[in-house]
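Participant: Sequence:
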Amino acid sequence: MLKEELIKGMHALGYESFLPVQEEVIPVILSGKDCLVQAETGAGKTAAYLLPVLNDLSPYAETPEALVIAPTRELAVQIHRTAEKLSAFAKIHCVCAIGGLDIEKQENALKHYPAMVIGTPGRLCDLFRQGLLDLSHLKYLILDEADQIASTGQAEEMRFLMEQIGDVQTICLSATVDETVQSVFRNEYEKLIFNDRTKVNRAIAEYYLITENRNKTLFDLLEHTEITSAIVFVNYRSSARKLSEQMQKKKILSASFSADDEEKKRLRILRDFQDGNIRILCATDAMARGIDITEVSHIIHYDLPMDLSTYVHRSGRTAHQGNSGIVITLIEETEKETETAKNILASSEPWQMDLSVQCDLSVPLHKKETGGGNLVQIMIRAGKNEKLRPCDIAGALSAVMDFSDIGTIEIQDQYTLVTILNHDSSILAKLAGLSIKGKKRRIELSKK
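Per numbering that gives the first Met the number 0, the very first residue in the sequence shown carries number 0; after that it's consecutive.
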């Protein structure tokens, strides 16, 4: 059984009940078995392994008890965000360690006794070699998108980390299974399969449009389709940038996303898209795997995918966590006889454009707050440089709220992040002018 604090975290994340993958995977992990979960992104597998693992972690762990390895920085950040929300009421500290961002901030976070560390192979290896990551007391090793770790040339770093870890419960998640994936298991394991890589999720409605002018058809679609948010997939980086620039000229809240974008920019774009400040994302296949964003109502294949597998992966960016979605593929007459187009035409219906629909993509999407349990993260503009300690912060906050409402505290050089439980953003009014260690501190909502 899961702890009540984790059930509250589920509600805070928007889960009212378990999804099929969670119903099957959670009991297997709770039983202590190694397992291989074969499932696409969006099936709910992140929570399927985080919930049972967090259930067994101690909020007072002095060294990490769980290590999650992800192939991309974006996926690691998303896993971390999910872990933070699920574990907030259990007061379990989770740290994200990825390349491309300030390593000193990650080092500071590791000093605050995280029970779970989530990261990419390269950065995790660096931290271990510097003596900053202690793997001696791990209980769990989780490899998310293990096949992608191997295919992107990170298998050697993954093996190095595994050599430093004892015989711990291993959970592997992968869209495909090969010798590299199977080699991570030292003991017998249970295999759970939830996906068919040749078919699109049944919750996705598939459509096509035969077009003589891709560009015109796309902008007609954006104007006359009730879109919450959409990803427009193209085959080339230059196409993504060009389309996004055209959309921006038409006041559409848009951005391009490709592998050659600078790391901080990519993370900022994903955050703005998730928050509704970007409505249309023009993306290459860098977006097609390992990124889990909810509330994407439409996928538009602007360029015909190279093959059926790419089509399935791209289409799988919608209909996450029990939602439904719509996929529309633009196909030119000259492409109709290609193998990929034939497969798409066979599984799709023609899209009927409704000119009476007018969609305004120039305004941000205001999303409803999810869940039944309130929590908020605040930033205090003071940290290690002013010699603040967790006890100083907890003591000051206890003057305006119950001590039990104070969650994890992470002190950086110039600021401190605190998770506040059972409150929403209105708590800021009570914290105005709060004195910590004899000085009034500036406090605001965290944008982390």
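It cannot be assumed that every hint is accurate.
No more than 25 Å apart at the CA atoms, straight line, and that leaves these computed lysine-lysine pairs for DSS-like [unchecked claim]:
#: 1; residue 1: 138; residue 2: 32
#: 2; residue 1: 249; residue 2: 264
#: 3; residue 1: 104; residue 2: 439
#: 4; residue 1: 90; residue 2: 335
#: 5; residue 1: 249; residue 2: 104
#: 6; residue 1: 383; residue 2: 335
#: 7; residue 1: 446; residue 2: 104
#: 8; residue 1: 241; residue 2: 264
#: 9; residue 1: 90; residue 2: 436
FYI, nobody ran anything at the bench for these hints, they're computed from the structure. Remember, predicted model here, so these are calculated numbers, not experimental data.
Participant: So, for every hint listed, does it hold in this structure?
Facilitator: These are the hints, each one checked on the structure:
no.: 1; hint: 138 with 32; verdict: 12 Å, holds
no.: 2; hint: 249 with 264; verdict: 22 Å, holds
no.: 3; hint: 104 with 439; verdict: 24 Å, holds
no.: 4; hint: 90 with 335; verdict: 55 Å, violated
no.: 5; hint: 249 with 104; verdict: 39 Å, violated
no.: 6; hint: 383 with 335; verdict: 62 Å, violated
no.: 7; hint: 446 with 104; verdict: 15 Å, holds
no.: 8; hint: 241 with 264; verdict: 17 Å, holds
no.: 9; hint: 90 with 436; verdict: 24 Å, holds
Hint compliance for this structure: hints 4, 5 and 6 are not met, and every other hint is.
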